[in-house]
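What follows is each chain in one-letter form.
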Amino acid sequence: MLRSCLNRLKTEHWILGGSALLLLYFAAFPLLLLIFKSISPEHIQNYALIVSKKSNWISLLNTLSLCITTTALTIIIGLPLAWLLYKTDIPQKNLWKSLFSIPYIIPPYVGAIAWLKLLNPTSGSLNLFFMKYLHLNSAPFQIYSLGGAAMVLGFFFYSFIFLACYNALQKMDPSLEEAALMCGSNRWQAFKDITLPLILPALMSGIILVFIATATAFGVPALLMMPQRLFVLTTRIYTDVLNYSGGILKASSLSVILMIFGLTGLWASSLFLKNKRFTTLSGKYARGEPLSLQKWKWPCIIFLIGVWGIMVFLPLITIVISSFLKIYGEPLSFSNFSFQKYRYVLFELATTQKSFLNSFLFATLASLISVILGALVAYVKVKTHIKSRHWITFLATLPYATPGTVVAIGLIIAFSGSHGLNLYNTFWILIVAYSVKYISFAIQNTAAALEQIDSTLEESGRMCGASWLKVFATILVPILKPTLIASFFLIFMPTFCELTMSILLVGPKTETVGTLLFNLQSYDDPQSAAVLATLIICVILTANFMVKKITRGAYGV
Amino acid sequence: MYKDMIEMMKEDVQKNFPDMKIQWFQSGSEKVAAKISAELEANNLQADVLMTSDPFFYIDLKNKGLLLPYESPHTKNIPIYLKDADNYFSTQRVPVVVMAYNRTLLKPDDAPKTFKELTDGKWKGKVVMASPLESGTAFTAVATLSTKYGWDFFKKLRENQTLSTGGNSAVRQKLESKEYPVGIMLLENILQAQSQGSPLEPIYPEDGVILVPSPVAIFKRTRFPEEAKQLIDYLFSETGQRWMIKANMYSPNPMIPPPDNAKTFNFVLKKAFPWNPEFAQTVFKDHQTIKDTFAKIMFE
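Protein sequences, first through last, are from chains A and B.
Mind the numbering: the first sequence is residues 436 to 992 in this note's numbering, read in order.
Mind the numbering: the second sequence is residues 5 to 304 in this note's numbering, read in order.
Excised from the complex, chain A in its bound form (with noise of 0.2 angstroms):
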């Protein structure tokens, strides 16, 4: 009977119940064990606690406001950036994109450290400025204020928005949207007819990686808003709560708050996506002709230029100069300028070298397994019809919805032997956090790029009798390559300078680049951490340079 059982299983069985059932051990259960100890009886009066406190309301309000202004500001930035280096004949597509692209690769709160730089309502260099030339007796921007936080985080998070746009547009079939123009619409009517209805699944994905990025941010909203008394979920949680006695458990009751509310979005996410499956690619993969923009041109370029430089290279530049001071509060001079520092991050400090190769082995490998699990998962989401499958993916976003420091802790009392596995201390209770955190990015992705499959490829496979792995391997991965390589590079690039699990899951030989920047500017000082930064942006966008080179511009951001 159990034998008979087990053949009727085949080989594709054997292949995704297995990886359902690994994410759900290493992504699910660790978050379910907490939430499990936060209602066991001698804890669940914590929620009462949580529920009755006036504050804590608040700051699901600021929380939920927060999410809303910046997704609003990552649409408006990423959307129609991701349309014009796409769609149209602008010079240097492959440069812009790749210079849009830098934000998605550098840590929010050290962008958020150079706002904090340019924008303070003290002695903030832009404010000084306009002060100085428009004489204004106070200062024109309030960076301390929920609108700040939202400008930082929209500065960097509409990079969600504009890859996952670009992606989609990438393929989709152009010959859709000329046949529209054809027909007669504008090029405007075409766009909302045809073009955005199509990169909905994208951009909803999109929208929901940013809104959740967003809930569960800690950086930005306490170097910005914490200032101010104004206080989001995150750091309501870390101030209110965590700390040594027994802090955990209540922190976590908390978390399933948060939790719930990343979940609420993405319960909502997929209702609204729920009948509107578009088929969009049926083996044919074109370009199109690009729209010329004509006497568009040079206005478009200027604009370009300028939001570049406001959003990227003013912080960027920040950052920079920041590590060749001698003085972090005097302006760059001649006798303020010292290599100082960069004597002391890469030659004086033992772990700077250590710390980069470590977070390149664990990215790598974190990407790595995040694409191959993820896109045989985003194949039970989209291709099967498993009655749980929407569970399965439903619980591999949660640690994705959760604060980083409560997937550390579940994770901690998960693996660290009492349960079974033990991996605490070693590089691969870090490998398992990136990657279940980030896992939904590269499920999301695929299972997108899926949804634009028809099925009637792989049935063609099937008929001509290839097996199932055959027909995986052979016609779904050949299409899905430039989104499983894209989603490798999402994954790799906030893992490598992960922070908030990473400080609280390195070991004694595991410390990589996020905690060595943190810990220099917590416990060092501001241009040490600037020195640092500038190493990660340099190291990063060569490796990115160098991989376009050899693929030809094919991937890399």
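If you're looking for bench data, these hints aren't it; they were derived computationally from the structure.
Any given hint might turn out to be false.
[Stated by the list, open to error] DSS-like cross-link-like pairs, simulated, lysine-lysine; straight-line CA separation at most 30 angstroms:
id: 1; chain 1: A; residue 1: 489; chain 2: B; residue 2: 289
id: 2; chain 1: A; residue 1: 905; chain 2: A; residue 2: 606
id: 3; chain 1: B; residue 1: 126; chain 2: A; residue 2: 567
id: 4; chain 1: B; residue 1: 7; chain 2: B; residue 2: 126
id: 5; chain 1: A; residue 1: 944; chain 2: A; residue 2: 606
id: 6; chain 1: B; residue 1: 289; chain 2: A; residue 2: 472
id: 7; chain 1: B; residue 1: 117; chain 2: B; residue 2: 182
id: 8; chain 1: B; residue 1: 68; chain 2: A; residue 2: 472
id: 9; chain 1: A; residue 1: 944; chain 2: B; residue 2: 19
id: 10; chain 1: B; residue 1: 300; chain 2: A; residue 2: 488
id: 11; chain 1: A; residue 1: 472; chain 2: A; residue 2: 532
id: 12; chain 1: B; residue 1: 126; chain 2: B; residue 2: 80
id: 13; chain 1: B; residue 1: 233; chain 2: A; residue 2: 944
id: 14; chain 1: B; residue 1: 117; chain 2: B; residue 2: 80
Given chain A, work out where chain B should sit, using these hints.
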């Protein structure tokens, strides 16, 4: 513990104990405490020796029976009130919290002289301090000041728009970037900044300097108690203490000179708010209330 100090000390320690292989995990005291708590929750404590600047955490660990008592012969010069009565831990270095100002913004005569003075309207919107929720030393400062002046002191600071944020280096940054002229921060960070050419100047407040006696202790779980004890001996020896001085902290041993450019330990002790095990015990018991009250006053 400071990264650069650990880097310097590491080599020397290895030279002294060629047969030992020591792994160092370095981070801020709150991060170390969070890591240890998570490890305890998972029943998987890793460390053999603990060295952080949060004296109250050690009381917690002692009460939970996690520490191994040891009295190093080198601790005999250390004042009794800086040692645990049962030898579970002992103060190995003494960071002190003082005030600092940016001399490009204030003249020495205009700088505040006491903590109390910061509630004066003159300093409205001009003072920054670290957050006791994020920094162990700031917590000790808040505990000390609230014991001496009561919570009214902080209510007035709040009315005076005093900013409480981040750790000590955040305070340093806010002073150096000229966002705030005056700050409450660790002396060692001011001295370190000065040695790098920063325009920060220390103020030893006349109404008291805040001591943060920072212990070292051995965990009971260690599989190498003898080696751990040797390491403790090293840390209390003159060589070990020199590293602390180099990192601009005071030695609890009166025989050891103060850090460069700092007043003597005796001068500081004369001005210091009193420290004793009873005070530590009380603060430890109330530590949640202290944090909550502070958060309520300053953050809501």
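Hints versus structure:
{"no.": "1", "hint": "A:489 <-> B:289", "result": "27 angstroms, holds"}
{"no.": "2", "hint": "A:905 <-> A:606", "result": "23 angstroms, holds"}
{"no.": "3", "hint": "B:126 <-> A:567", "result": "26 angstroms, holds"}
{"no.": "4", "hint": "B:7 <-> B:126", "result": "38 angstroms, violated"}
{"no.": "5", "hint": "A:944 <-> A:606", "result": "43 angstroms, violated"}
{"no.": "6", "hint": "B:289 <-> A:472", "result": "25 angstroms, holds"}
{"no.": "7", "hint": "B:117 <-> B:182", "result": "20 angstroms, holds"}
{"no.": "8", "hint": "B:68 <-> A:472", "result": "21 angstroms, holds"}
{"no.": "9", "hint": "A:944 <-> B:19", "result": "20 angstroms, holds"}
{"no.": "10", "hint": "B:300 <-> A:488", "result": "12 angstroms, holds"}
{"no.": "11", "hint": "A:472 <-> A:532", "result": "46 angstroms, violated"}
{"no.": "12", "hint": "B:126 <-> B:80", "result": "46 angstroms, violated"}
{"no.": "13", "hint": "B:233 <-> A:944", "result": "23 angstroms, holds"}
{"no.": "14", "hint": "B:117 <-> B:80", "result": "35 angstroms, violated"}
Hint violations for this structure: numbers 4, 5, 11, 12, 14, all remaining hints satisfied.
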